[in-house]
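With the hints as constraints, model all of the structure from the sequences given.
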Amino acid sequence: MFHRLRARLRLLRHREDFNRELDEEMSFHIDRLAEDLMRRGMDPDAARREARIRFGSTERAQARTREERGLALFDEVGRNLRFALRGTVRSPLFSATSILTLALCIGLAASVFSVVHAVLWQPLPYPHPDHLARAVLYQPAYGRDPGSTNLTGRTWQRIRDQGPFEHAVYSDGAGGVNLTTSQAAAYVRQQRVGAGFFHVLGVPPELGREFDASEDVPGGPAVAILSHGLWTRTFGGDPDIIGRTIRLKGEAYTVVGVMPADFRSDTKADVWTPLRATTTGEGGGANYTVLVRFPPGMTFQEADARMSSIQPPQSSNENAPTLRFGLVPLDAALTAGLRLPLLFLLGAIALMLVVGCANLAGLNIARSLARQSEIATRQALGGGTGALVRQMVTETLVLGFLGGVAGLGVAYAALTGLSTLIRTQFDIWQAVGMDRTALAMVFGLTLVATLLFGLAPAVRVMSPRGLRVLVSGARGAVGGRGHLLRKSLLVGEVAIVTALLYATGLLVHGYERLEGLDPGFDARNVLTVRFSLDDARYAQAEEVRQLFDETLAGIRRIPGVTSAGAALTLPYERGLNEGFRLPEEDSTAYHNTNVVYVTPGFFKTLRIPVLRGRAFDDADEAGRQLVGVVNQAFVTSNLKNRQVLGSMLDVGSSDMRMVGVVGNVQQAAGWGRAGMPVWETPTVYVPAAQVTGRDFRLVHMWFSPSWVVRTSASRPDLAGQVLRVFHRVDPDLPVARVASLQQVVNDAFSKQRFVAGFLIVVALFALLLAGIGLYGIVAHEVVQRRAEMGLRMALGSSPGRAVWTVGSTGVRLTLLGLLLGGAASMAAARIMGFLIYGVTPYDPPTLAALLGVLALLAAVASFLPAARVGRLHPADILREV
Amino acid sequence: MLMTKELLPGTLDMLILKALSLGATHGYGVLLRIEATSRGLLSLEQGSLYPALARLQDRGLISAEWGVSENSRRAKFYQLTHQGVRRLAGETDRWARMVEAVSNVLDTRPSEA
Chain A
0 MFHRLRARLR LLRHREDFNR ELDEEMSFHI DRLAEDLMRR GMDPDAARRE
50 ARIRFGSTER AQARTREERG LALFDEVGRN LRFALRGTVR SPLFSATSIL
100 TLALCIGLAA SVFSVVHAVL WQPLPYPHPD HLARAVLYQP AYGRDPGSTN
150 LTGRTWQRIR DQGPFEHAVY SDGAGGVNLT TSQAAAYVRQ QRVGAGFFHV
200 LGVPPELGRE FDASEDVPGG PAVAILSHGL WTRTFGGDPD IIGRTIRLKG
250 EAYTVVGVMP ADFRSDTKAD VWTPLRATTT GEGGGANYTV LVRFPPGMTF
300 QEADARMSSI QPPQSSNENA PTLRFGLVPL DAALTAGLRL PLLFLLGAIA
350 LMLVVGCANL AGLNIARSLA RQSEIATRQA LGGGTGALVR QMVTETLVLG
400 FLGGVAGLGV AYAALTGLST LIRTQFDIWQ AVGMDRTALA MVFGLTLVAT
450 LLFGLAPAVR VMSPRGLRVL VSGARGAVGG RGHLLRKSLL VGEVAIVTAL
500 LYATGLLVHG YERLEGLDPG FDARNVLTVR FSLDDARYAQ AEEVRQLFDE
550 TLAGIRRIPG VTSAGAALTL PYERGLNEGF RLPEEDSTAY HNTNVVYVTP
600 GFFKTLRIPV LRGRAFDDAD EAGRQLVGVV NQAFVTSNLK NRQVLGSMLD
650 VGSSDMRMVG VVGNVQQAAG WGRAGMPVWE TPTVYVPAAQ VTGRDFRLVH
700 MWFSPSWVVR TSASRPDLAG QVLRVFHRVD PDLPVARVAS LQQVVNDAFS
750 KQRFVAGFLI VVALFALLLA GIGLYGIVAH EVVQRRAEMG LRMALGSSPG
800 RAVWTVGSTG VRLTLLGLLL GGAASMAAAR IMGFLIYGVT PYDPPTLAAL
850 LGVLALLAAV ASFLPAARVG RLHPADILRE V
Chain B
0 MLMTKELLPG TLDMLILKAL SLGATHGYGV LLRIEATSRG LLSLEQGSLY
50 PALARLQDRG LISAEWGVSE NSRRAKFYQL THQGVRRLAG ETDRWARMVE
100 AVSNVLDTRP SEA
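Sequence order for the protein chains is A and B.
One point on numbering: in numbering that gives the first Met the number 0, the residue at position 716 of the first sequence is 715, and numbering is uninterrupted.
One point on numbering: in numbering that gives the first Met the number 0, the residue at position 42 of the second sequence is 41, and numbering is uninterrupted.
Treat the hints as calculated values from the structure; they're not laboratory data.
Just to be clear, a hint being listed does not mean it is correct.
[Stated by the list, open to error] Simulated DEER-style distance windows between Cβ atoms: (1) Gly-59(B) to Glu-373(A): 37 to 47 Å; (2) Val-98(B) to Asp-30(A): 30 to 40 Å; (3) Val-760(A) to Gly-59(B): 30 to 40 Å; (4) Gly-39(B) to Asp-30(A): 44 to 54 Å; (5) Leu-7(B) to Leu-84(A): 27 to 37 Å.
[Claimed, not checked] Straight-line C-alpha distance at most 20 Å; calculated SDA-like pairs for lysine to any residue: (6) Lys-750(A) to Asp-35(A); (7) Lys-75(B) to Phe-17(A); (8) Lys-75(B) to Ser-26(A); (9) Lys-75(B) to Arg-38(B); (10) Lys-75(B) to Gly-146(A); (11) Lys-75(B) to Asp-30(A); (12) Lys-75(B) to His-13(A); (13) Lys-75(B) to Gln-424(A); (14) Lys-75(B) to Asp-35(A).
C-beta atoms are modelled at their ideal positions from N, C-alpha and C, and glycine is treated no differently.
Structure (structure tokens):
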């Protein structure tokens, strides 16, 4: 078998040689025959003639020889290819539609699948990643949340003392810090990790070593590990970097290690410093993450069971819920926020793929229906069934190949765009490459749809009954099952598009509602700049205050600036969580709230209204009575029916007097209202002037404060002037971010906007595909019923009526699809309502928009081709019949 | 005299294999051998020889090689492969049985039926 195949392929490569040798072999034969004849006495000319006659036709012998060696088949393939290419050019509309559909389906589906696969299902870049997990302390009644795995210092100590596994404690986020070199000051991202962190991940440093236990204690030496990127970028890849000191956060740090180039921890970090976990300060809250590696051979369930043997911390409160230790797989923890949006994208693209395949099928059914009479004719004239099928397969393959090449282009372009886009929206670390399996699978799927549906009607014609096609009239094609199948496909397409459009509409509407929320402040003409104060030079409260005072004074002198202020966090961003209690409550009762320190000018700059009492002023200094301003949401949720102004409040163990109530602003919060991107979070504002040095150090480790500057009109040159002020006050302070307040607001919704935008694009593509399908069916109907409509008009029917009769086929199909799709939409919407904030399953405006769009689709795709009927001249038709 | 078209299907292949079992030779040589060994009873359509040779070669029953003929001209020489030898033996058996069966039938006298 293989011998023959190999021999045939070899022949194919050397077919010129083969033909030449065949010539030579045959002329040798004829010459020898002639010689023998001459020997028997024939004269030379007669002998040669006789030899030729006896040999017979060399042409025929050669042709049959080639056939025997399998070369004939290849000749046919070549002929079919040429024929198919001619056909592709001859029916440009069909070809363009097929190629476009293929390209879009293959390209988009393969690229989206590649991204989703890379982000969600690619193993983490560490050795044996399935044995890495994060520790959680959770309420068994509620289950564990892979997205929230932070623990307090005391919880970490239990894992350290009783835990069965290798582990390391670290801070899962990176904070911005200042790195000062002889050339410049830079803002870099620092992650703080405990001793053994890199060992547990399984990645040793490229140079030097990681932190040891003696360095990871409070008051330990200042040491740092650099990322490969920072090492090459800022230190020129200096091979002698180990042991040298760098100036980080205003202090001298000794470099002890450099991580390899392809390494990244679970967040983007440029430099690592020891965590120095404690149970007070940072460790007093849930700010630590514990990484666990369980031994090889152990399953996750076994490891989780072992973990739950750790005694949970006892609460003095009897009503406190029971807690349990457990594990969350590291990959699940890291992709917790990405899973839902990405699966949405994948679902949408899968639906589009189905619509695309249905469309390809429909197109090919139409085409082979239209060709039935051609096929029947060829068959009647003696064309072999095999040859006919081979020719049609070749035609499909040529289109498939062209579509595939175009799809490959679309796929790579889309992948580049999508992965860039997705990187700006989500913190993903995975390398995103084209998934060849996905590409091949999508390509195969489209091809199968094309082949299957393109060949089925053709094959039926080849049955003995097929000759009826010829009898039934050469011009028309028979409808029959092929056409019904095509109509069913279209109904399915419309149903899917309906569901897709409705889901998209719900998301977009939900997003609009979010964006339409009253922000509670005026974002126009406000510039924000951010700096990291996690710096030894700003360890004392006095130093921070002096920076605020001097920079704000300088900024206010810039022409056009009407007011300026500073705050730890901005609206629409995540705030600092802090515990508070009311005066009469005992010391164990702590509730969560957001706390923001602000300078006196903050409320005025953002135009946050003071509803009662007063905002801060310069008299609220350190050493004076501690004061606080609460927002309306705080009053509503915590101080109902109480005297607010003048009452005391214990926030983070400091008693303060409430002097004012301000309006709410939209804020992202790290706690409460799960899934809600922003809400009017209860907040306590405190004056920056009264924050202690210890608290400044703590909060500046997590947050980089922002300055806000309001101008009377838009001032494009403002940023430069503001930064010059900072440079004058502290030339070593690198800027972390410059953005208008409007940009900050927009960034808060960028994920939602990305998902909504993506869905809109996909839904519109699917709509376009369904429209093409509908157009095709009605156009076919027009051709088929031309004669009938001509007759009707000749008998007195109006052209309008004829157009309606033909066009209404499309409208009917759309309606049927709409009904089916409507039911599916309702089910889908109910699920989405559970998963996404702001989505209500029954949304009349979205529904109305959906109906409008589909009505437009049905009308355009049906009556555009149907209008041709109206322009028919009955007399012409009658002559044709 | 029997013409090529009168042969049973597959017979020509068998004859070629047999002719080549006597030793490697070129296409014309095959023809001469068959005509000679059939004692002049068979006359082949000469052109039809080559498709048959190609078919046998394609099936791996014979192999071909360019060589020099007895009158010093370049010619393609065919010879049996191992597979061809086995096939010839099988075909010969089959043929013998068929001839026997057919002869038995044709030799039947009325009293034996």
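Hint check:
no.	hint	result
1	Gly-59(B) to Glu-373(A): 37 to 47 Å	holds (41 Å)
2	Val-98(B) to Asp-30(A): 30 to 40 Å	holds (37 Å)
3	Val-760(A) to Gly-59(B): 30 to 40 Å	violated (58 Å)
4	Gly-39(B) to Asp-30(A): 44 to 54 Å	violated (23 Å)
5	Leu-7(B) to Leu-84(A): 27 to 37 Å	violated (45 Å)
6	Lys-750(A) to Asp-35(A)	violated (92 Å)
7	Lys-75(B) to Phe-17(A)	holds (12 Å)
8	Lys-75(B) to Ser-26(A)	holds (12 Å)
9	Lys-75(B) to Arg-38(B)	violated (26 Å)
10	Lys-75(B) to Gly-146(A)	violated (78 Å)
11	Lys-75(B) to Asp-30(A)	holds (14 Å)
12	Lys-75(B) to His-13(A)	holds (17 Å)
13	Lys-75(B) to Gln-424(A)	violated (72 Å)
14	Lys-75(B) to Asp-35(A)	holds (19 Å)
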